[in-house]
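Engineer: What follows is each chain in one-letter form.
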Amino acid sequence: MNWRLWFPIAAFTGFLAVAAYSLSQPKDDFVRSAMIGEKLPYFELPSAVEGRPSVTSANFADGRPRLLNIWASWCLPCIAEAPQLAELERRGADIVGIAIRDKPEDIAAFLDEHGNPYSSIGRDDVSEVQLGIGSSGVPETFVIDGDGVITYQHIGDVRAPDVPVLLEELRKAGA
Amino acid sequence: MRGIALLTLLVAAPVAAQDAMPPAPYAYRQLDDPAQEAVAQDLMETLRCLKCQSQSIADSDAPMAGDMRHQVRIRIAAGEKPEAVRGWLMDRYGNYVSYSPALNTSTWPLFAIPGALALLAGALLFRRFRRQR
Numbered sequence: 000m001n002w003r004l005w006f007p008i009a010a011f012t013g014f015l016a017v018a019a020y021s022l023s024q025p026k027d028d029f030v031r032s033a034m035i036g037e038k039l040p041y042f043e044l045p046s047a048v049e050g051r052p053s054v055t056s057a058n059f060a061d062g063r064p065r066l067l068n069i070w071a072s073w074c075l076p077c078i079a080e081a082p083q084l085a086e087l088e089r090r091g092a093d094i095v096g097i098a099i100r101d102k103p104e105d106i107a108a109f110l111d112e113h114g115n116p117y118s119s120i121g122r123d124d125v126s127e128v129q130l131g132i133g134s135s136g137v138p139e140t141f142v143i144d145g146d147g148v149i150t151y152q153h154i155g156d157v158r159a160p161d162v163p164v165l166l167e168e169l170r171k172a173g174a
Numbered sequence: 000m001r002g003i004a005l006l007t008l009l010v011a012a013p014v015a016a017q018d019a020m021p022p023a024p025y026a027y028r029q030l031d032d033p034a035q036e037a038v039a040q041d042l043m044e045t046l047r048c049l050k051c052q053s054q055s056i057a058d059s060d061a062p063m064a065g066d067m068r069h070q071v072r073i074r075i076a077a078g079e080k081p082e083a084v085r086g087w088l089m090d091r092y093g094n095y096v097s098y099s100p101a102l103n104t105s106t107w108p109l110f111a112i113p114g115a116l117a118l119l120a121g122a123l124l125f126r127r128f129r130r131q132r
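Residue numbers (numbering that gives the first Met the number 0), protein chains in the order written: chain A, 0 to 174; chain B, 0 to 132.
Hint data in this document are derived by calculation from the structure and do not stem from the laboratory. Mixed in with the good hints, there may be bad ones.
As the list claims (entries may be wrong) - Simulated restraints, written as ranges between beta carbons of each label pair:
1) B/D32 <-> A/F11: 49 to 59 Å
2) A/R3 <-> B/I112: 15 to 25 Å
3) A/E86 <-> B/D31: 29 to 39 Å
4) A/I35 <-> B/P108: 20 to 30 Å
5) A/E86 <-> B/K80: 42 to 52 Å
6) B/L109 <-> A/D28: 33 to 43 Å
7) B/A77 <-> A/R3: 54 to 64 Å
8) B/G121 <-> A/F11: 12 to 22 Å
9) B/A120 <-> A/V17: 19 to 29 Å
Unchecked claim - Here are the computed lysine to aspartate or glutamate pairs in the EDC-like style, where the Cα-Cα straight-line distance is at most 20 Å:
10) A/K171 <-> A/D61
11) B/K50 <-> A/D27
12) A/K38 <-> A/D61
13) B/K50 <-> B/D60
14) A/K102 <-> A/E112
15) B/K80 <-> B/E44
16) B/K50 <-> B/E79
17) B/K80 <-> B/D32
18) A/K38 <-> B/D90
19) A/K171 <-> A/D146
20) B/K50 <-> A/D124
21) B/K50 <-> A/D28
22) B/K50 <-> A/E127
Note that beta-carbon positions come from the ideal geometry of N, C-alpha and C, so glycine has one too.
With these hints in hand, go ahead and build the complete structure from the sequences.
Structural biologist: Dropping the structure here:
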């Protein structure tokens, strides 16, 4: 047999090995934001709750680091993370909420039932801010430093082990 | 059997309910200018839906895809170039959001390998035919 025939066979075996290895690796469906380290884009959102301040990008550049929680009353994992957000607020985090594609009455009902850890909540009816900061779903939680720069993104609901991580990220952002 | 079918139906309930809001103004409405709409449509077919990652935003009925179409259409209507709109999304979501791969340090094999294989095939054929004569 011609020794050169081994080259294509080796190449094909290598291809199979790479494919088998890739199939065995867990799939990562998260689309991470490419905006970490970037300033929040300019936005002004109407307030989602009667009597609470509206949410603008300028609110974030006042020297105090904050959590920016992207959520919605129609989102089930958002119910699961409510106790952790309450815990974060209890431990001194300032949490700004942005409700995605949500009705004021649904927002009010959600907050009545699951508590309100937010210092202010804005309504993003066409996902404009969500797209602007590179968020690809609800819920997501961003850390914004005192200059309005995004420093950290947490994708999915905040679970108990994530609370100290977010507090540490807030501390790193200057809290 | 019927029990299993019912059980399957129960388990198949959507993980996260969709919102009750009307779609964004330009999610399903075409632009008035047909030329601009054609440009927007071409672009939307090459942008990935982030919720349903194997579909383009032109194909998807996910509310977020509707909101992305709204952004694409209002930006095209405002006179932005399609590549600028694509760049705006890639600045936010990385190269993954675009179905039209750009030539860069991680994608060059995509473009180089077919050329190399064609050259190799050409060389092999050339040698084979020359030997036969």
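Engineer: Each hint: holds or not?
Structural biologist: Cross-check of the supplied hints:
A C-beta distance of roughly 52 Å is found between B/D32 and A/F11, which places it inside the suggested range of 49 to 59 Å. At roughly 20 Å, the beta carbons of A/R3 and B/I112 sit within the given window of 15 to 25 Å. Between A/E86 and B/D31 the Cβ separation comes to about 50 Å, which falls outside the hinted range of 29 to 39 Å. Take A/I35 and B/P108: their Cβ atoms lie about 28 Å apart, and the range 20 to 30 Å holds.
Distance hint check for A/E86 and B/K80: the Cβ-Cβ separation is about 47 Å, which falls inside the suggested range of 42 to 52 Å. For B/L109 and A/D28, the hinted distance range of 33 to 43 Å is not satisfied, since their beta carbons lie about 22 Å from each other. Separation of B/A77 from A/R3 is about 60 Å and conforms to the stated range, judged on CB atoms against 54 to 64 Å. Judged by the Cβ atoms, the range 12 to 22 Å given for B/G121 and A/F11 holds: they are separated by roughly 21 Å.
Separated by about 22 Å at the C-beta atoms, B/A120 and A/V17 satisfy the suggested range of 19 to 29 Å. As the CA atoms of A/K171 and A/D61 are separated by approximately 17 Å, the hinted pair is consistent with the 20 Å bound. Under the criterion of a C-alpha separation no larger than 20 Å, the hint pairing B/K50 with A/D27 is consistent with the structure, at around 13 Å. Among the hinted pairs, A/K38 with A/D61 is consistent with the structure: their alpha-carbon atoms are about 13 Å apart, no more than 20 Å.
For the suggested pair B/K50 and B/D60, the alpha carbons sit about 10 Å apart, so the restraint of at most 20 Å is met. Only pairs whose Cα atoms come within 20 Å are accepted, and A/K102 paired with A/E112 is accepted, the gap being roughly 16 Å. The straight-line distance between the Cα atoms of B/K80 and B/E44 is roughly 16 Å, inside the 20 Å bound, and the hint therefore holds. Note on B/K50 and B/E79: the hinted pairing is violated, with a Cα-Cα distance of about 25 Å set against a maximum of 20 Å.
Distance restraint check for B/K80 and B/D32: the Cα-Cα separation of roughly 15 Å lies within the 20 Å cut-off, and the hinted pair is therefore satisfied. Taking the CA atoms of A/K38 and B/D90, the gap is near 12 Å; set against the 20 Å cutoff, the hint holds. For the hint pairing A/K171 with A/D146, the CA-to-CA distance comes to about 13 Å; that is within 20 Å, so the pair holds. Annotation: proposed proximity of B/K50 to A/D124 holds, straight-line Cα distance about 17 Å (limit 20 Å).
Of the supplied pair hints, the one linking B/K50 and A/D28 holds, its CA atoms being roughly 10 Å apart against a limit of 20 Å. Taking the CA atoms of B/K50 and A/E127, the gap is near 16 Å; set against the 20 Å cutoff, the hint holds.
Checked against the numbered hints above, the structure breaks hints 3, 6, 16 and satisfies the rest.
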